[in-house]
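Trainee: Listed below are the residues making up each chain.
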Amino acid sequence: MIDILIKNLPILVVLCPLITSLFVVLIPNIFFSWVLTTLSTFLTFLFSILLYQEIQIKSHISYALGKWMPPIGIEYIIDRVAIIPIIIISGISFFATIFAYKIMPEEIEKKSISKVYSLWLLAIAGLLGLVTTGDTFNLFVFLEISSLASVALVAMGAQKDKQALVAAYNYLIIGAVGATLYVIGVGLLYGITGTLNMEDLTNRISDLNNNKALIAGFGFMIIGIMVKAAVFPLHIWLPRAYAYAPSAVSVLLAATATKASLYILARILFSVFENSEDLINNTLLYVILPLSIIAMFAGTIMAIYEKDIKRLLAHSSVAQIGYITLAFAIGTKASIAAGFIHMFNHAIIKGGLFIAITSLGFFIQKRVTINNLSGLGRAMPITFFCFVLCSLSLAGLPLTAGFISKLYLIKATISSDAIWIAILILISSALSVVYLWKMIEVMWIREGKKILIKEKPTIYISLIIITFFNIYFGLDASLVVNGSFEAAEKLIGDLK
Amino acid sequence: MISSTIGIWNYWIVFCLMMIGLFLVIGRKNFLKKIVGLTIFQTSVFLLYITFGKIKGGTPPILNESIESIYSNPLPHVLILTAIVVGVATTALGLSLVLKINTEYGSIEEDDISAQDLVDYHDDIETGKNVDLKFKQ
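Residue numbers (numbering that gives the first Met the number 0), protein chains in the order written: chain A, 0 to 495; chain B, 0 to 136.
Simulated from the structure, these hints should not be mistaken for lab results.
Quick reminder that beta carbons are idealized off the backbone N, C-alpha and C, glycines included.
Don't take each hint at face value.
Mimicking DSSO-like on lysine-lysine, the simulated pairs with C-alpha atoms at most 27 Å apart in a straight line are [stated by the list, open to error]: (1) 114(A) to 57(A); (2) 161(A) to 28(B); (3) 99(B) to 110(A); (4) 365(A) to 99(B); (5) 6(A) to 489(A); (6) 109(A) to 99(B); (7) 114(A) to 99(B); (8) 332(A) to 489(A); (9) 159(A) to 101(A); (10) 365(A) to 306(A); (11) 455(A) to 114(A); (12) 365(A) to 455(A); (13) 159(A) to 99(B); (14) 437(A) to 453(A); (15) 365(A) to 159(A); (16) 159(A) to 28(B); (17) 306(A) to 159(A); (18) 365(A) to 110(A); (19) 99(B) to 161(A); (20) 211(A) to 53(B); (21) 114(A) to 101(A); (22) 161(A) to 365(A); (23) 66(A) to 109(A); (24) 211(A) to 55(B); (25) 161(A) to 110(A); (26) 53(B) to 161(A); (27) 453(A) to 365(A); (28) 161(A) to 109(A); (29) 101(A) to 455(A); (30) 109(A) to 455(A); (31) 453(A) to 101(A); (32) 410(A) to 489(A); (33) 410(A) to 332(A).
Quick list of the computed label-pair ranges, beta carbon to beta carbon [stated by the list, open to error]: (34) 31(B) to 205(A): 42 to 48 Å; (35) 29(B) to 0(A): 54 to 60 Å; (36) 55(B) to 52(A): 51 to 57 Å; (37) 26(B) to 289(A): 37 to 43 Å; (38) 2(A) to 27(B): 53 to 59 Å; (39) 80(B) to 450(A): 58 to 64 Å; (40) 280(A) to 111(B): 45 to 51 Å.
Required output: the full structure, derived from the provided sequences and hints.
Mentor: Shown next, in the form of structure tokens:
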């Protein structure tokens with residue numbers, strides 16, 4: 000029994016939320032649909048932890064779907080790289096689901112809540128499928144499952160603010176164009192190699208040096224994924240989608256959605272196309288590196304001038320994605336490891352910040368803007384405390400998770416003789432303190448109504464847990480750091 | 000020269016459809032027209048895949064003992080079936096969003112909508128009209 004479970008873990012991680020999403024929609028009761036969703040996300044989290052333990056022994060699991068052997072059949076690959084986004088997505092979605100219980104009925108009318116939970120699980124299943132699959136076309140299907148589900152989730156915010164509809168529409172159009180570009184790339188590669196399996200593709204590409212169709216296919220794939228990962232300047236959909244989505248959805252999407260696509264980006268760059276080195280090196284140096292540096296500054300500066308807090312955090316996400324792609328662009332083992340470290344840390348930081356802001360919004364019953372935050376820090380001490388800790392982590396102060404990722408990123412840039420990039424990273428981090436301080440100042444120092452709000456444990460429990468992770472992984476980061484270095488080694492080997 | 004141009008006739012069609020679709024998505028301000036563009040864009044990709052799979056004189060891939068026949072590759076067709084389903088889902092979701100936008104805003108022109116949004120944004124955020132807050136206990 001246990002053997003069968005262990006053997007089928009790679010597919011169970013995806014199937015668990017996918018199948019429960021079909022049942023959740025049938026349950027009219029808010030509480031029970033939430034219980035089922037929580038149970039499902041918890042099981043998924045459990046499965047991914049089991050998978051993590053399994054990966055420590057085996058280091059590479061290949062799962063043939065329906066016993067159709069790869070490269071003919073669809074293959075699911077779990078290795079030391081894929082396990083990082085799997086843990087991030089399943090973990091964060093579990094905490095976000097716990098958090099959603101009180102928040103969800105506030106913003107969405109009661110009769111559609113079970114449908115929202117169904118979409119919620121569908122989005123999670125899509126994201127998990129995205130990272131487990133080893134088949135390029137299957138990846139496209141999961142890409143669309145996750146993005147269509149997230150579009151519908153964002154559109155649910157329309158019951159509070161009609162702008163959510165336009166945000167969802169833009170997200171849909173830009174996302175669909177991105178996914179179609181990705182399919183064109185897959186088609187071109189299939190045309191010249193005759194395979195869709197990623198590992199098989201890697202082997203067959205090695206014979207085709209400088210084939211025009213190969214370069215074009217690579218370009219289409221990368222651009223398609225970069226749209227989904229919201230790499231500057233393809234991030235236009237992101238701030239609005241995060242800002243107008245229902246609060247619980249913002250938490251889920253901000254912490255998980257782009258991480259999956261960033262992982263796919265790394266996989267395509269360093270694993271699928273590992274044999275065409277010139278192509279990859281040129282892409283990293285002339286496309287991804289400059290875009291990442293612009294993203295770091297553009298995102299931060301937009302955040303400084305933004306007054307709507309959820310949008311502010313979304314702009315800051317664009318900058319943080321810039322750090323991750325910058326780490327990939329440098330392309331050494333240490334820097335890719337730093338990218339994965341930051342991917343994990345950013346998920347817990349942004350998850351925490353969005354939960355804190357959403358809790359504030361829950362009590363003031365308005366859009367959270369810089370003007371109506373006055374004095375709220377004193378009114379809601381627990382939430383404010385966690386918010387400050389997560390902010391410090393984002394800015395990268397010592398003893399927080401954010402510090403670890405900045406430390407490794409800067410170490411990696413210095414060791415590859417790119418001091419100027421290290422300096423740019425430091426400047427951009429310093430700028431991020433500006434917008435974080437702006438919020439903290441308003442909440443703590445500016446006079447507001449003298450009132451003490453009774454905070455609800457159901458809301459702040461997941462905030463406290465995520466904040467705890469922020470501190471814990473700042474004090475003892477060995478788990479994340481070792482995992483990321485193993486992942487980087489697996490991705491680019493001992494070559495560099 | 001001419002034979003090679005006409006020989007890749009299908010790819011020319013794909014190319015034209017792709018550009019028409021992408022232009023409609025980017026250039027048009029009407030939300031409905033954008034979706035039409037998106038559909039054309041996706042259809043061009045379907046044609047691209049089918050063209051890959053076609054072999055001159057190829058038959059459908061049916062097992063036939065008598066003749067050793069050349070057959071077209073069936074896999075692209077199967078992939079495109081999946082892609083068509085995805086495309087239909089995207090279009091359906093897009094159209095329902097447009098419908099909702101029309102009932103909420105009374106327009107599906109991008110300019111009208113962003114003008115309305117700007118007014119809301121200004122009222123809500125810049126002027127700080129909402130500083131008078133009610134707290135939920």
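Trainee: For each hint, tell me whether it holds in the structure or not.
Mentor: These are the hints, each one checked on the structure:
no.: 1; hint: 114(A) to 57(A); verdict: violated, 39 Å
no.: 2; hint: 161(A) to 28(B); verdict: holds, 19 Å
no.: 3; hint: 99(B) to 110(A); verdict: holds, 18 Å
no.: 4; hint: 365(A) to 99(B); verdict: holds, 23 Å
no.: 5; hint: 6(A) to 489(A); verdict: holds, 22 Å
no.: 6; hint: 109(A) to 99(B); verdict: holds, 19 Å
no.: 7; hint: 114(A) to 99(B); verdict: holds, 18 Å
no.: 8; hint: 332(A) to 489(A); verdict: holds, 10 Å
no.: 9; hint: 159(A) to 101(A); verdict: holds, 16 Å
no.: 10; hint: 365(A) to 306(A); verdict: holds, 14 Å
no.: 11; hint: 455(A) to 114(A); verdict: holds, 25 Å
no.: 12; hint: 365(A) to 455(A); verdict: holds, 18 Å
no.: 13; hint: 159(A) to 99(B); verdict: holds, 14 Å
no.: 14; hint: 437(A) to 453(A); verdict: holds, 25 Å
no.: 15; hint: 365(A) to 159(A); verdict: holds, 9 Å
no.: 16; hint: 159(A) to 28(B); verdict: holds, 25 Å
no.: 17; hint: 306(A) to 159(A); verdict: holds, 19 Å
no.: 18; hint: 365(A) to 110(A); verdict: holds, 22 Å
no.: 19; hint: 99(B) to 161(A); verdict: holds, 9 Å
no.: 20; hint: 211(A) to 53(B); verdict: holds, 21 Å
no.: 21; hint: 114(A) to 101(A); verdict: holds, 16 Å
no.: 22; hint: 161(A) to 365(A); verdict: holds, 14 Å
no.: 23; hint: 66(A) to 109(A); verdict: violated, 43 Å
no.: 24; hint: 211(A) to 55(B); verdict: holds, 23 Å
no.: 25; hint: 161(A) to 110(A); verdict: holds, 19 Å
no.: 26; hint: 53(B) to 161(A); verdict: violated, 47 Å
no.: 27; hint: 453(A) to 365(A); verdict: holds, 18 Å
no.: 28; hint: 161(A) to 109(A); verdict: holds, 18 Å
no.: 29; hint: 101(A) to 455(A); verdict: holds, 9 Å
no.: 30; hint: 109(A) to 455(A); verdict: holds, 21 Å
no.: 31; hint: 453(A) to 101(A); verdict: holds, 14 Å
no.: 32; hint: 410(A) to 489(A); verdict: holds, 20 Å
no.: 33; hint: 410(A) to 332(A); verdict: holds, 12 Å
no.: 34; hint: 31(B) to 205(A): 42 to 48 Å; verdict: holds, 46 Å
no.: 35; hint: 29(B) to 0(A): 54 to 60 Å; verdict: holds, 58 Å
no.: 36; hint: 55(B) to 52(A): 51 to 57 Å; verdict: holds, 54 Å
no.: 37; hint: 26(B) to 289(A): 37 to 43 Å; verdict: violated, 27 Å
no.: 38; hint: 2(A) to 27(B): 53 to 59 Å; verdict: holds, 57 Å
no.: 39; hint: 80(B) to 450(A): 58 to 64 Å; verdict: holds, 60 Å
no.: 40; hint: 280(A) to 111(B): 45 to 51 Å; verdict: holds, 47 Å
Checked against the numbered hints above, the structure violates hints 1, 23, 26 and 37; every other hint is satisfied.
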